[in-house]
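S.K.: Sequence:
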Amino acid sequence: MKKKICFIVSTPYTAKAFLENHFEVLSEHYDVYLVANLDDPEIKNYSNKYLQEVKHIPIYRKISLLKDIKALFLLIRYLNKSNFDITTTFTPKAGLIGILASKIVGVKKRVYFFTGQVWHTKKGVFKKFLMTLDKFVVALSTDIIVDGQPQRNFLIENKIIKPNRSIVLGKGTISGIDISRFSLKNEIREKIRSELNYSQEDFVFMFLGRLNTDKGIMDLVQAFKKINAKYPEAKLLVIGPDEENISAKIIAELDRGTYILYGSTDKPENLMQVGDVFCLPSHREAFGLSIIEASACGRPILCSDTYGLKDTIIENVTGLRHKAHDVDSIYKQMEVLIKDSALRQNLGINGRKYVEEHFSKNILTGLWLKYYNSLLKN
Numbered sequence: 161m162k163k164k165i166c167f168i169v170s171t172p173y174t175a176k177a178f179l180e181n182h183f184e185v186l187s188e189h190y191d192v193y194l195v196a197n198l199d200d201p202e203i204k205n206y207s208n209k210y211l212q213e214v215k216h217i218p219i220y221r222k223i224s225l226l227k228d229i230k231a232l233f234l235l236i237r238y239l240n241k242s243n244f245d246i247t248t249t250f251t252p253k254a255g256l257i258g259i260l261a262s263k264i265v266g267v268k269k270r271v272y273f274f275t276g277q278v279w280h281t282k283k284g285v286f287k288k289f290l291m292t293l294d295k296f297v298v299a300l301s302t303d304i305i306v307d308g309q310p311q312r313n314f315l316i317e318n319k320i321i322k323p324n325r326s327i328v329l330g331k332g333t334i335s336g337i338d339i340s341r342f343s344l345k346n347e348i349r350e351k352i353r354s355e356l357n358y359s360q361e362d363f364v365f366m367f368l369g370r371l372n373t374d375k376g377i378m379d380l381v382q383a384f385k386k387i388n389a390k391y392p393e394a395k396l397l398v399i400g401p402d403e404e405n406i407s408a409k410i411i412a413e414l415d416r417g418t419y420i421l422y423g424s425t426d427k428p429e430n431l432m433q434v435g436d437v438f439c440l441p442s443h444r445e446a447f448g449l450s451i452i453e454a455s456a457c458g459r460p461i462l463c464s465d466t467y468g469l470k471d472t473i474i475e476n477v478t479g480l481r482h483k484a485h486d487v488d489s490i491y492k493q494m495e496v497l498i499k500d501s502a503l504r505q506n507l508g509i510n511g512r513k514y515v516e517e518h519f520s521k522n523i524l525t526g527l528w529l530k531y532y533n534s535l536l537k538n
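For the sequence shown, the positions run 161 to 538 when this note's numbering is used.
These aren't lab readings, by the way, just hints derived from the structure by calculation. Every residue, glycine too, gets a C-beta built ideally from N, C-alpha and C. Any given hint might turn out to be false.
[As the list claims (entries may be wrong)] Derived DSSO-like pairs (lysine-lysine); straight-line CA-CA distance at most 27 Å: (1) Lys-319 with Lys-268; (2) Lys-163 with Lys-319; (3) Lys-163 with Lys-222; (4) Lys-513 with Lys-331; (5) Lys-269 with Lys-209; (6) Lys-492 with Lys-386; (7) Lys-390 with Lys-499; (8) Lys-530 with Lys-176; (9) Lys-427 with Lys-530; (10) Lys-427 with Lys-390; (11) Lys-319 with Lys-269; (12) Lys-263 with Lys-530; (13) Lys-283 with Lys-483.
[Claimed, not checked] Estimated spans, in silico, between C-beta atoms of each pair: (14) Arg-237 with Gly-330: 35 to 45 Å; (15) Ala-412 with Lys-513: 34 to 44 Å; (16) Glu-347 with Ala-412: 34 to 44 Å; (17) His-443 with Ser-207: 32 to 42 Å; (18) Arg-237 with Ser-207: 20 to 30 Å; (19) Ala-412 with Glu-517: 26 to 36 Å; (20) Pro-401 with His-485: 14 to 24 Å.
Can you build the whole structure from these sequences, using the hints too?
M.R.: Have a look at this one:
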């Protein structure tokens, strides 16, 4: 009989975006299960042929005491009857509820995967409260994975985890990427640029991610406004779901014709061909998988110096950095990139090589399998 692994997430988007390759490979050796909120508006009724079961438990990302207590009791009931050998949880809310339920029912191996710290940009009592919750989850976990060495260092410095109780798999990320899917495709680039009415002369700075304050998108907008005033050929392409009505702020800030708000996409590998520079000006970030995807597509990178992005580029080799929260710093680096085509080309070529060597999904999935094999042998 195969041993049983259960992954616990709040939204099935996490599973679809990061875990499907792991499901496929792990299912050859173990029975794999998923717990998720299947009422999540992003992806309803998620399924995967490599999973034994996808169990709906309404774990919501935002704090709601009554809903959270209900989810905890439902999860305790499910775990108690399922006899899992390992549970693995992701994201703060699913991590808290998942690890607590796993501890209560006596799951022997309880793995928590750190993918970012909500408290990093908070202040005061609320920040201390969130940090305490992270420490509580760590205390109840038997094993900790962090999705990047800079983030691990940050957690150790803030006394959330101890060095001997945490690991990073390879160079980091949850999943790695499909380097054949994310690759340079000039025909697609020309096709989509034409569809978006970009001319050959237009220089496109692009952002792809969730539109929220922590992503630093309005810092990018302010810097772009300055760069567009000096270089009218500069354009801004913004792709991703709007979580905080950021679109209205962008529309109010920028001149019509200088930007495109594309919305969500299920083909990021195609839209990443469009940009001349990929931008991620995050205030906080766990790892920044979108940077790895853009580098695989041969795009030069411009990103902030927040701790989670330190391993996603090699500075001045695969991309440039700017100070987080600093519009002038973003503007100066944008100007460097728009003026220097040779630099952009070298950054793109080097970025592709860096991803091939460290972030292929096959490399990461192999490390995951090795990790679970070691856990279940001990």
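S.K.: For every hint, state whether the structure bears it out.
M.R.: Going through the hints against the structure:
1. Lys-319 with Lys-268: Cα-Cα ~25 Å, so holds.
2. Lys-163 with Lys-319: Cα-Cα ~34 Å, so violated.
3. Lys-163 with Lys-222: Violated. Lys-163 to Lys-222 sits at ~33 Å, over the 27 Å cutoff.
4. Lys-513 with Lys-331: With a Cα-Cα distance of about 14 Å, the restraint between Lys-513 and Lys-331 holds, given a limit of 27 Å.
5. Lys-269 with Lys-209: holds (25 Å)
6. Lys-492 with Lys-386: Holds. Lys-492 to Lys-386 sits at ~10 Å (cutoff 27 Å).
7. Lys-390 with Lys-499: Holds, because 12 Å separates the two Cα atoms, which is no more than 27 Å.
8. Lys-530 with Lys-176: holds (22 Å)
9. Lys-427 with Lys-530: With a Cα-Cα distance of about 30 Å, the restraint between Lys-427 and Lys-530 is violated, given a limit of 27 Å.
10. Lys-427 with Lys-390: violated (32 Å)
11. Lys-319 with Lys-269: holds (23 Å)
12. Lys-263 with Lys-530: Distance of about 24 Å is within 27 Å: holds.
13. Lys-283 with Lys-483: Holds. Lys-283 to Lys-483 sits at ~20 Å (cutoff 27 Å).
14. Arg-237 with Gly-330: 35 to 45 Å: Roughly 36 Å apart at Cβ, these two residues keep to the hinted range, so it holds.
15. Ala-412 with Lys-513: 34 to 44 Å: holds (41 Å)
16. Glu-347 with Ala-412: 34 to 44 Å: Holds - the Cβ-Cβ distance for Glu-347 and Ala-412, about 36 Å, lies within 34 to 44 Å.
17. His-443 with Ser-207: 32 to 42 Å: Holds, at about 35 Å.
18. Arg-237 with Ser-207: 20 to 30 Å: holds (22 Å)
19. Ala-412 with Glu-517: 26 to 36 Å: violated (43 Å)
20. Pro-401 with His-485: 14 to 24 Å: holds (23 Å)
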